[in-house]
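Enquirer: Now for the letters of each chain:
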Amino acid sequence: MTRVIRGESGCLGILFERHRGSLFGSFVRRTGDRALSEDLVQDTFYRAYKYRKSFRSGQDFLPWIHRIARNVLYAALKKKGRRVDSPADDDSLLSQVKCDRPAPDHLSAQSNERDYLYQALELLSEEQRQLIVLRRIENRSYGEIARLLNCDEAPLKVRVHRAFLKLQQSVLKMTQEIET
Amino acid sequence: MTCNEVNERLIAALDAGESCPEADRHCLSCPSCAESRTALLKMFEGLDELPSPDRMSGDEFVRSLPVKIVPEHSLSELWNGLCELISRYPALGAGLALICFLAGMSFSRPVNVTTAHVETQRTLETLTREIVELNEAVALVRLEQASASERLQAVHWIGDHGRSDSDLVAALGGVLERDENVNVRLAAIDALSGFSGDPAVRPLLIGALMKPQSPLVRIALIEHLVPLADPASLAVFKAIAADEKSHEAVRERARTAAQSSI
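Chains as they are written, first to last, in numbering that gives the first Met the number 0: chain A, 0 to 179; chain B, 0 to 261.
Calculated from the structure, these hints are not laboratory results.
Do not rely on the hints blindly, as some may be mistaken.
Quick look at which bits of chain A chain B covers, simulated, 3 or more residues with Cβ under 8 Å [what the hints assert, rightly or not]:
hint, stretch
1, 45 to 57
2, 64 to 78
3, 149 to 155
Taking lysine to aspartate or glutamate and the DMTMM-like style, the derived pairs with C-alpha atoms no more than 20 Å apart in a straight line are [what the hints assert, rightly or not]:
hint, chain 1, residue 1, chain 2, residue 2
4, A, Lys172, B, Glu34
5, A, Lys165, B, Glu243
6, B, Lys41, A, Glu176
7, B, Lys41, A, Glu7
8, B, Lys41, A, Glu137
9, A, Lys156, B, Glu4
10, B, Lys41, A, Asp38
11, A, Lys156, B, Glu34
12, A, Lys172, B, Glu44
If you're wondering where the values come from, they're calculated on a predicted model, not measured in any experiment.
We treat Cβ as the ideally placed atom computed from N, Cα and C, and that holds for glycine.
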């Protein structure tokens with residue numbers, strides 16, 4: 000982000016590609032609207048650029064972008080007349096925004112399973128969620144992900160594998176909780 | 000193959016989109032792993048079914064922004080960068096501090112506009128004087144030239160621009176006394192009349208009048224001496240008027256001058 004502030008437009012593109020998947024998933028889960036979620040993702044990154052000067056050097060990017068995403072989501076839902084919890088200033092995580100999303104009819108058969116999966120994903124760390132989204136939801140190759148995250152392919156495969164393991168544990172834990 | 004290994008292999012195989020016959024065989028004899036395998040397959044299928052965003056590339060997104068990203072450097076960034084550099088190279092900090100101190104000293108010194116103006120004026124005057132002296136030197140050299148035209152121009156220049164200077168007056172006296180060209184001598188008389196305040200000029204004009212030479216030059220000398228009303232010139236006028244060898248026109252003009260001087 001510091002390089003974006005310096006005017007390196009390519010870096011904003013990289014940040015967009017890295018994080019839009021997980022943000023999109025979060026938006027879809029809360030709005031149930033795929034097209035709206037696409038717009039919200041783009042709006043989030045546009046605002047990130049617009050308010051780039053509020054980003055402090057050395058600050059973590061994820062909490063910062065999530066705070067913007069939360070505000071974007073809050074504004075969009077309010078505009079649509081949905082009830083939504085007011086975002087607190089000290090609460091920067093998008094996952095903590097709660098709204099009364101109506102389940103779309105055509106998704107009702109799978110909506111529970113999908114919700115569980117989304118919830119399980121949100122139990123992961125941001126990095127693990129990002130890896131799973133890039134690898135499995137966006138269907139990117141390891142080479143692509145390595146280039147995007149600026150890391151080596153071999154350790155990346157290990158990290159992705161651990162993320163799948165963690166997700167498996169999260170799903171298992173949630174299933175057990177439901178059964179009990 | 001242990002149950003843990005089976006799980007690991009299955010995840011790797013599902014991630015790669017491949018099958019793992021060894022793990023499948025293990026699951027046939029292990030109900031726990033079989034259950035885990037089913038849940039894993041369901042999880043991967045669920046992930047594949049999750050909606051993914053359009054594959055808009057980062058570059059496309061940047062191009063779609065309503066504003067253009069341009070490099071910018073805020074003052075605070077520059078300051079931070081400078082602080083970082085100074086912390087890395089203390090000598091640079093010391094150098095910058097010294098430069099700032101010297102710059103501050105030079106800017107804080109009161110500038111006396113009047114003094115600066117006077118100094119400039121003095122310099123200009125010195126330069127002007129040097130130019131005039133150079134031109135006078137050139138004029139003196141030109142007075143010695145063989146060409147009468149050159150000598151005439153030099154005499155005219157001295158009359159117009161020359162200062163009341165003993166060298167110039169002496170040079171013009173020499174021209175009046177020795178130059179063979181009447182026009183140059185007449186011009187020298189005109190030029191000398193411009194320096195009439197110089198005490199050396201009148202004796203030069205009177206001395207030239209006393210010598211026998213061109214009537215035109217003598218008449219011009221009488222014309223220039225009359226307004227000066229020098230007592231010494233009256234005797235010269237009378238002597239010329241009485242001199243029978245002199246040209247009649249000169250005698251007549253000398254007689255008139257003598258009468259007007261009385």
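Enquirer: Among the hints numbered above, which are violated by the structure, and what are their numbers in rising order?
Expert: The structure conflicts with hints 2, 3, 5, 7, 10, 11, although it agrees with all the remaining ones.
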